[in-house]
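Fit chain to chain and form the complex, with the hints in mind.
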Amino acid sequence: MSIYSNNLAPANKASALANRIKTFESLAGFVSLQVDVTTHQGQSAIVDRKDLRTAVLALRDKLGFDMLVDIVGIDYLNMTGYQGPRFAVAYIFKSLHLAGQRFQLKVLVSEEDAVIPSIHDLYAIADWQERETWDLIGVVFEGHPNLKRLLNHFEFVGHPLRKDYPAQKRQWLSMNDPMLDQLSDRLRQKGFELLDPVPVNTPAVEDIIKGSRQ
Amino acid sequence: MSLAEANQPISQASPMAQDALPFPVVTTTLDAVINWGRSNSMWPLTYATACCAIEFMSLMSPRYDFARFGTEFMRFTPRQADLLMVMGTITYKQAPILRRIYEQMAAPRWVLCAGACASTGGMYDAYCTVPGIDHIIPVDVFIGGCPPRPEAYIDAAIKLQEKIKDESFMRERLGRLRERGEDIPQ
Chain A
1 MSIYSNNLAP ANKASALANR IKTFESLAGF VSLQVDVTTH QGQSAIVDRK
51 DLRTAVLALR DKLGFDMLVD IVGIDYLNMT GYQGPRFAVA YIFKSLHLAG
101 QRFQLKVLVS EEDAVIPSIH DLYAIADWQE RETWDLIGVV FEGHPNLKRL
151 LNHFEFVGHP LRKDYPAQKR QWLSMNDPML DQLSDRLRQK GFELLDPVPV
201 NTPAVEDIIK GSRQ
Chain B
1001 MSLAEANQPI SQASPMAQDA LPFPVVTTTL DAVINWGRSN SMWPLTYATA
1051 CCAIEFMSLM SPRYDFARFG TEFMRFTPRQ ADLLMVMGTI TYKQAPILRR
1101 IYEQMAAPRW VLCAGACAST GGMYDAYCTV PGIDHIIPVD VFIGGCPPRP
1151 EAYIDAAIKL QEKIKDESFM RERLGRLRER GEDIPQ
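From first to last, the protein sequence lines are chains A and B.
No gaps in the numbering here: position 42 of the first sequence is 42 in the numbering used here, and each next residue is one more.
Heads up: take any position in the second sequence, counting from 1, add 1000, and you land on the numbering used here.
Everything labelled a hint here was simulated from the structure, so no lab data went into it.
All clues given are correct.
EDC-like mimics (lysine to aspartate or glutamate), calculated; alpha carbons at most 20 Å apart, straight line:
1) Lys1093/B to Glu132/A
2) Lys62/A to Asp51/A
3) Lys1093/B to Asp181/A
4) Lys1093/B to Asp135/A
Chain A regions said to be covered by chain B (calculated; three or more residues, Cβ under 8 Å):
5) 150-160
6) 169-182
Label pairs and their calculated CB-CB ranges:
7) Asp1031/B to Gln189/A: 58 to 66 Å
8) Asp1031/B to Asp164/A: 52 to 60 Å
9) Tyr76/A to Glu1172/B: 53 to 61 Å
10) Gly1144/B to Leu150/A: 28 to 36 Å
11) Ala14/A to Arg1149/B: 50 to 58 Å
12) Val157/A to Glu1151/B: 39 to 47 Å
13) Lys1165/B to Asp70/A: 51 to 59 Å
14) Asp1031/B to Asp177/A: 38 to 46 Å
15) Gly1145/B to Leu150/A: 30 to 38 Å
Glycine is no exception: its CB is placed at the ideal position from the N, C-alpha and C atoms.
Next up, chain B with everything else stripped away, as it sits in the complex (with noise of 0.2 Å):
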């Protein structure tokens, strides 16, 4: 086989050149591949400040089991976490520790907002309280309920999942080379 003919996209090959492999094929997009692998290691940190932390506790053990979802493990540095899990009341004090936090996270990063206090504020109307975390950064689920049961937090799961699977990583990184001014054809 000559290079240029293996440097053609396997779906436009030839059914010969197919044929001529020696180990099964699988054709899909590398948008599929990214999303698929992202989508199943979600490595979460936690930024717990009230009872909806307690949740989480019985979410991660073995009964409701959140490893199935491709958070299995718990990072406690931004720098190796990809989703970041607010749960509980987030008062002005806090905000600007985070969002520092959210901005050491590396990209691609998703935020999940559970409970009712880290999403509006809940009961708390008051001064001090931030009436919801989206004043300070971008969240992609939030979570309803005081606190919300485990089931909320893997359904929540479930729809970032979906999310992240819509993305397009090529998409993006040519809207980055765009920015950065390199001279790409529409």
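Chain A with its partners taken away, still in its complex shape (with noise of 0.2 Å):
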């Protein structure tokens, strides 16, 4: 049961209310807190992005915010009666042991200067939720070890889910992924030794041209 859903019960939806603005009330003690207007009941607390970290580690050590939901991204472009920044990111955390404790915390960036600093140290799941990101909207996790494409070839060019990407682009690949590079690393660590790839004879194209004649 979600307090970002409209189809709740009444009296759920008033203690989510009460929860939320309580949630809202005790962090903005550590942070300075805006509400997001753009939201149904400003669901969503809107910080700058140097308090993010220090938000994020309030609302996990102090307030019980133990689990990480998801990183969403927004792309606000062309969006009717909307004034600000292009792009948003949105940190869902749920509590594992307050009942129906919710809240959600955004970043707003602009197009220029599209960068948030990462927590993949304070939750362990937003290594991939900020890879995923980045691969599809384009906004940059400052201080992540191993920003690279998840969902995408590396070969790929572009954000697929930003507004102004047109929708019936293809992008033709040449190859496969291998994704060695990280492969390789989990072995060597698990103890594996790993020996050196057998060389791949590439026949010259004259060769193949004359095949089976000479």
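Below is the structure:
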């Protein structure tokens, strides 16, 4: 049951709203927060990117939000009635021991300076979530140890979930994604010894054309 | 019987020579024999990525019994397969892999493309989905449906058999020899 859903029973809705207001006020004691007026009932709190790590640490250690559910990138390009930076990244938190406790933090960044500090060291799941957000929206997470594409191919150019990415554009890829760079590191960590790959003998074009005639 | 007489095509041999043979004789063309063999031994390699492959499972089961059409042996290596069956959505990330598998198959090879996704991209009109595998590899038979019924697969197999029976091994061989520069009169 999510407090972001409008289909809650009225009593649950009221208690969810009360929970959220309580969390907002507690968190405002640590960092400066704003209410996000673009969402329903101000469902998310906007935090400046320089305060993001402080806010996340306070949520995790002081307020009991021990689970990061999702990191979502948003592109506000050409949205009716919206004024402000083009991109937003929303962090959705959940508490595993406080019933019904959820909270959403949002960071707004402009297109020219789409850089946000990484929180991969605070929540392990943020590692892949940030890679996915970078892959699809193109927001850079500063301090991430391995910020490469998660879903798309490494030859892919652009960020496909941006509103100005042409939906019908197709990109041809020349080879499959071996992912050996990460795999060999993991295997070495586990104590496996990796042999050198067998050298591939690529025949020259002339040899292929001559074929069996020679 | 002299050697020259024995090397004569049997249809041109004299009726006397046919009568003299101690076993019954059927005259035919080499193409007909080769195509008969090929069309009744299409060993499939499955490239199954989505729900069309679930229909393929029932197709191989005794109720529909796809093996009747010579697809008795499933080969899970492209080196031993004649028929590549692509069943399911193909993304651009998979496209180089599919292409490579097709290139690893030995000629003669045929491709059967099953379902809306593999044929046209289906409902995935997106940046990541190939709009039909005929952009990557040549396709012999398309099957419509989402997913197609096993009867449609059987129909496609019969169509493919008809197509194989239309091919001419000798003509292809002649073309290959001419490409290699051998002097063969027209």
